[in-house]
Amino acid sequence: MFFAGLDIGSTITKVVIKNEKKICATVIKPTGAEHRRLAHKVMEDALSKAGVPFEDVDYIIATGYGRINVPFADRQVTEITCHMRGVNWLFPAVKTIIDIGGQDSKGIKVENGKLVNFIMNDKCAAGTGRFLEIIAGVLGVKLEEIGELSLKSTRPSDISNMCTVFAEQEALLRLSEGTPVEDILAGIHKANASRIHSMVKKIKIEPEVAITGGGAKNRGLCKALEEKVGFPVVVPPEPLITGALGAALIAGEQIAKIDKEELQERQKKRRLEAVTFFDDESTKAR
Amino acid sequence: MSGAKSTGLARAAELYSVRGQRARELKQEGKKIFGYFCCYPPIEIMTALDIVPVRILGNMDEPITIADGYLPPVMCVFCRSAFDIGMKKSYDYFDGFVGAHACDGAERTALIWTNYIKTPCNFHLDIPHTAHNSAVDFFKQQIAYFQQAVEKFIGQKISPEALKDAVARHNRQRALVRDLYDLRKPDPPLISGSEMLQVLIALMCIPVEEGNVLLEEVIQEVRERPNVQAKKSRLLIWGSLIDNTAFTDLIESSGLNIVVEDTAIGTRPFWHDIEETQDPLDGIAEHYLKEVLCPRTFRDSGPSYQEDSEMRFGYLKEFAKYWKVDGVFANIIRNCDVHGYEVPVIKDYFAGLGLPVLVIEQDYSTAALETLRTRFQAFAETIG
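As they're listed, the protein sequences go chains A and B. So for the first sequence, our numbering puts the first residue at 2; every next one is plus one. So for the second sequence, our numbering puts the first residue at 549; every next one is plus one.
Treat the hints with care, since some could be wrong.
Result set (BS3-like, lysine-lysine): computed pairs, CA atoms no more than 25 Å apart in a straight line [as the list claims (entries may be wrong)]:
id : chain 1 : residue 1 : chain 2 : residue 2
1  : B       : LYS895    : A       : LYS203
2  : B       : LYS779    : A       : LYS115
3  : A       : LYS205    : A       : LYS218
Simulated from the structure, these hints should not be mistaken for lab results.
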């Protein structure tokens, strides 16, 4: 039996194909403006990587903000529940998850493998990957390098403003004052961590804590968050896939709840294609 | 209305979607129409003079473009929206405007309203912020002033009998609304949150007798039709009002059934009858000040935090029990201070009842709704 989870995030699309024993394949690709047309392509990649024909997949769950655009999914589950399941499978002792995505950040509480509380910021770029992207651009450093660079700082500069636009101005101001880039970056990471921490604190941060999402790939941010939290945090080996992994795990559970005939019926109807409820021409990104 | 008259839920949906239409028709027939803010002005006074009271609401579909030149953005966005559509002539059929010192937002909006939106008759109702007996006496006097002002405008006195009759008709409406709420007790409920909202808003745009006929039709229809609702987790809404079905549709398509709402378009205006007192104004003043439970009024408190919460929110425990509530959505319209300030205590209180609470501060805009879907779905997954 095979089951799949697709996590269509604002920035990156992730697919996990699993069987009862192990992860068979994972795919991580940029989402892009055309994701409504491309979810099935990413799925195809994952299937060929796993060597599994589409017809053999028994249950598919879509998650992430693009979850409604996966016509071949059997069910949609929010990324909050999916991250929780994925992390719980990897680290059963984790009680608090901090997910730092491209356009939002979330705090998720787990108790005995169940989602008990969550909080999210999706109205403001502060505390999200987007914020780091913008700052990296301003400072002329590659996004994947800002974390490491910030760790070299000996005197993190003060960044007081957490509005992305104004923080950008502050970073420019520090540059013009001759502050080393690593110090500005350390300050930015501290400020970002502090913003995320104060949001997640509202649902009580209890050990163990895991960090997931693209933000978890930034060592500088993880270190700044760890300092705020006050104890070590865990980061999954591939922090981007916990949502898709959780979706695949839930898909596995769903199969047990459905009888064989209905499962076959579903499989027959399933088509690996793009969503059709959009007018293809007028909704195409230009 | 157009030729073949619809009835029941279909009629409610019509009245909901074209809110001023029935009032405009009645105005053509010579009736006087009064707009009023929030659920504190005693509509019985208006009914007693054959005036049609119309509740002033905002419009979540309409971007605020004019009001921001008059009202600051720190003010509750619902109030700004109401004023904005007022400036855009949504309420140009009013013969009277009744502002009220309900909350600070409503008060400032009412004052600006009378300055820029010209209505033949204007009244500002002073509502005390406590519910002690001396406050009730004061409020009764304010209602008497209100009555005098309206009588003067219409050129006719309200007889005690006419006022008692108006109270009886509105009490009948309150009882019918409560009957309708009873039909949400089964699981799944017999009527959806969106249908309920259409009915309640319809009631606030038409004369009380028409409202009572509508309610009787709706109750019969809902009782007799096959139950169309799906079984989902049962949600209580507490907080700022919701006046657009786009919002309730979003919630109910995210794995939740709305079963009871403690808001200014939910239970609050309807939950208690006005007592029939010798002087009708005594019953009216008592009712509005003591029984319409918006946190804009400071209520008698107990000697400890726990007892204080119990005295103020005990009724919510009853709602949770009888409507078999699984979770609570605390709806805060951005900058609605009276509800926003209550969030910590309301969360504590529901936590004590073992009920999870989802708090969302939202922008009172249908354009900004979709981003809330993940929160409602995740909340449904938490309590499901």
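We went through each hint and held it up to the structure:
Restraint check for LYS895 (chain B) and LYS203 (chain A): satisfied, since their Cα atoms lie roughly 12 Å apart, inside the 25 Å limit. The straight-line distance between the Cα atoms of LYS779 (chain B) and LYS115 (chain A) is roughly 21 Å, inside the 25 Å bound, and the hint therefore holds. Taken as a hint, the LYS205 (chain A) and LYS218 (chain A) pair is honoured in the structure, with Cα atoms around 24 Å apart against an allowance of 25 Å.
Checked against the numbered hints given earlier, this structure breaks none of them.
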